[in-house]
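Peer 1: The residues making up each chain are set out below.
There are 2 protein chains.
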Amino acid sequence: MTFYNISQELMSLHISQNQSAVQRFLASHPLADCAEAFVALIDDQQLNVLEVRDLFRLMTPESQITLLEYLPLTLQTNLAEYLDITELVQLTQNMAHDERADLIATLSIPLQQQVLSTIEHEHRVDIEQLTSYPQSSVGAIMTSDFATLAMNSTVEDAIKQLKHIARDSETIYQAYVVDVQECLQGTVSLRDLILAKPLQTISEIMTRVCIFVRVEEAQHIASQAIRKYDLLALPVLDINNRLIGIVTYDDAMDVAEEHVDRHIHKTAAVNYSGNLKDASITLMYRKRVFWLVLLVFGNIFSGAGIAHFEDMIESYIALVFFLPLLIDSGGNAGSQSATLMVRALATGDIIAKDWAKMLGKELMIAALLGITMALAVSFLGFWRGGYDIALVVAVTMQIVVLVGSVVGMSLPFLLNKMKLDPASASAPLVTSIADALGVLIYFSVASLILDMPVSI
Amino acid sequence: MTFYNISQELMSLHISQNQSAVQRFLASHPLADCAEAFVALIDDQQLNVLEVRDLFRLMTPESQITLLEYLPLTLQTNLAEYLDITELVQLTQNMAHDERADLIATLSIPLQQQVLSTIEHEHRVDIEQLTSYPQSSVGAIMTSDFATLAMNSTVEDAIKQLKHIARDSETIYQAYVVDVQECLQGTVSLRDLILAKPLQTISEIMTRVCIFVRVEEAQHIASQAIRKYDLLALPVLDINNRLIGIVTYDDAMDVAEEHVDRHIHKTAAVNYSGNLKDASITLMYRKRVFWLVLLVFGNIFSGAGIAHFEDMIESYIALVFFLPLLIDSGGNAGSQSATLMVRALATGDIIAKDWAKMLGKELMIAALLGITMALAVSFLGFWRGGYDIALVVAVTMQIVVLVGSVVGMSLPFLLNKMKLDPASASAPLVTSIADALGVLIYFSVASLILDMPVSI
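Chains C and Z are the protein sequences, given in the same order.
Taking UniProt numbering, I'd label the letters of the first sequence as residues 1 to 456.
Taking UniProt numbering, I'd label the letters of the second sequence as residues 1 to 456.
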């Protein structure tokens, strides 16, 4: 069934308001797709949030929870504001712990307080705990809903214990072995348990090598570890080494995507991650203007270079013809190198100490690129301004490509060394630096070859 | 234990060649880290492949297999070439089916044939099947090693069946229900089985809503589906709807990373995905030169624009001062927009039909950006060339930012419409287009305001 059909079907269920038809439909379609269809219907103003609420009330509690978790947070919040407080409390008591903490944190303060004062004590403590972590930390995506086992329990008992919590737990495929201080001692997978003998103890079969992450660390550290070590879930420890949560692989995948968003936007000098469609005009203005204006002032250097060579430009006006081409080429080669390095540094394919090795390689590559491009441009130069100009542009091209590439590849390393994000070596920044250098190189080469005195 | 320590420890194990020490060490350290350490030691020429092979021979078969799977494919291949044929066959019989297919496909032809003629028939058929799919298709990352259940078996029997294959299967947490034609009918998780009553049948408890992917589809389709629907594994069907494999979440995470690599590199006009450190100089030259040279010729338009206005430039040489600044600003704003759109189209945050809506928004944002930048540059203009020049550069700035942004945001949509990859709207391409337009806009505005006749 296509996406279009799901939307159509939801619209007709909205008209009929037939409870059993709603439940049948949701049981036979992926809820992730239904959530997407609801978002599209609201976007296109075919349904409003109140109407979605009415359909929502016809669903089974299980469908309600799963659907809610698939909706974007803004829509979850809108919907929650239209629910009765008893409905909302009921839902939040059964949602995944990490999801509900996110939801409650975005509710209006009065509603938040109403939920927290109504909900069972144990849940309230959990929510307050999970919402206390900084937004970009591991704490903000972990769930407190994980299975623990004692070292001395038997395999048989452990399986019973997992079975008992299977309905409500985030995962039962991975359990964590803790001591009396709640410190992590090892991990056991359900597969290990199934393969073991019923009377073996957990301490006999557990894996003692534990990969973990600290609660205050950045989220992408967790998602990288999950990918690297092929984990289903990653345990999260607090400062006292106590196990306080886990990050599951599905959340790790979402974190990785968001991290990439931020990275890509940063390389275009935009400091924003999130859905482009939802971003307001003033928000996007603010996220984009900083670098653009900064680069305007940065470009004064190019202008100053040109002012310095004004006399020569007046004598050889044909030189202006090649100005955009030459400075662009340096910028283009430079932004290629910068992008490659920034990404490779982010994924760990290369590390800080590889700089010298990469520089050597980059010089060779840039030399080859420069020769090719110099050849291409010398024909243009000859046609436009004769032999002298051809020589000037060819030599300039070779140098600007070399310099642009070296700047582009070195800047990310330099930022990294200064403990800044290498991704700030954006294409616009590299282009602007390469341009200023390009102007200087171009007219210096020209004044040498054309044998013109430089105005002081 | 830090990465450095692992490398040191492996070096001392290499010196001692103490089998039990090797096995103890590997049992108490993450094999993913050990694999990384081996790669670094070879890179730094502290160990050669033969020496790694000798250490490898001291490991337990289980460690050997896991470690091998964590090594990069090139090193796996090198190592394999130094093993005896019996060792190699033994290993490949126990490796994950997808991993071993990749390995065998990269071996030298004689060695490949030797392995295939020695290995058990059933394994050979499987390898030949898996290596027959195109490199970027789902077939090339799926594994043929999955658990199937019959509709009419009982929960009790199903659990027994999963237990039986638990040691060697890729995953037992997700099982697939097929009919006699091997067509997919539903899925059952181990959690479902644990929660069900022993005498219920599989058809009673299975989930009938199946998300699947076709074997010939692109890999990132599979990884997106796994992320969207929060799956542990995604079933793969052939043209006859038969279940022939699964893609697991951990492979999906790797595919997503690689897909992002390719995307990011493309936006910098580099057509390469892979480890930057391993790429040869000539390879990187070839991957980067195409667009650079193409853009050199594209820049002829900027040059032609300048040639057209040569007389005016001679009269107002101060105009050249602002040339790099103005054309860069259009390019910078344009590459911001392009990057945002390309990424949003890739993630599905926006779709083709959103173009008009996004255009309206972009015009507003660009107008605001243009005003700010025009204000910034007009001071420079006044200082450098008086009131007239200030007006020219301010008006030009406003227009180039608007035009650059619209080009930057529309190009990805246009490429998408033409069934090309929107990511080809790279920063260098957008910059070059914005530059050519910028030159025309600049001198046209100048000739209007400065009231100069244009040379024809």
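Please keep in mind that the hints were generated in silico from the structure rather than gathered at the bench.
This structure is a prediction, so every number in the text was calculated from the model and none was measured.
Possibly wrong hints are sitting among the right ones.
Mimicking DSBU-like on lysine-lysine, the simulated pairs with C-alpha atoms at most 30 Å apart in a straight line are [stated by the list, open to error]:
hint	chain 1	residue 1	chain 2	residue 2
1	C	197	Z	228
2	C	353	Z	287
3	C	197	Z	160
4	Z	277	C	419
5	Z	287	C	160
6	Z	277	C	163
7	Z	361	C	361
8	Z	163	Z	197
9	C	163	Z	160
10	Z	361	C	277
Peer 1: Confirm or reject each hint.
Peer 2: Hints, verified against the model:
1. C:197 to Z:228: Given pair residue 197 of chain C, residue 228 of chain Z is violated - Cα atoms ~37 Å apart, limit 30 Å.
2. C:353 to Z:287: 25 Å, holds
3. C:197 to Z:160: 14 Å, holds
4. Z:277 to C:419: OK: residue 277 of chain Z and residue 419 of chain C at ~22 Å, within 30 Å.
5. Z:287 to C:160: Measuring from Cα to Cα gives roughly 57 Å; hence the hint is violated.
6. Z:277 to C:163: 48 Å, violated
7. Z:361 to C:361: Distance ~43 Å between residue 361 of chain Z and residue 361 of chain C Cα, so the pair is violated.
8. Z:163 to Z:197: 17 Å, holds
9. C:163 to Z:160: Between residue 163 of chain C and residue 160 of chain Z the Cα gap is close to 16 Å, so the pair holds against 30 Å.
10. Z:361 to C:277: Roughly 9 Å between the alpha carbons, so the hint for residue 361 of chain Z and residue 277 of chain C holds.
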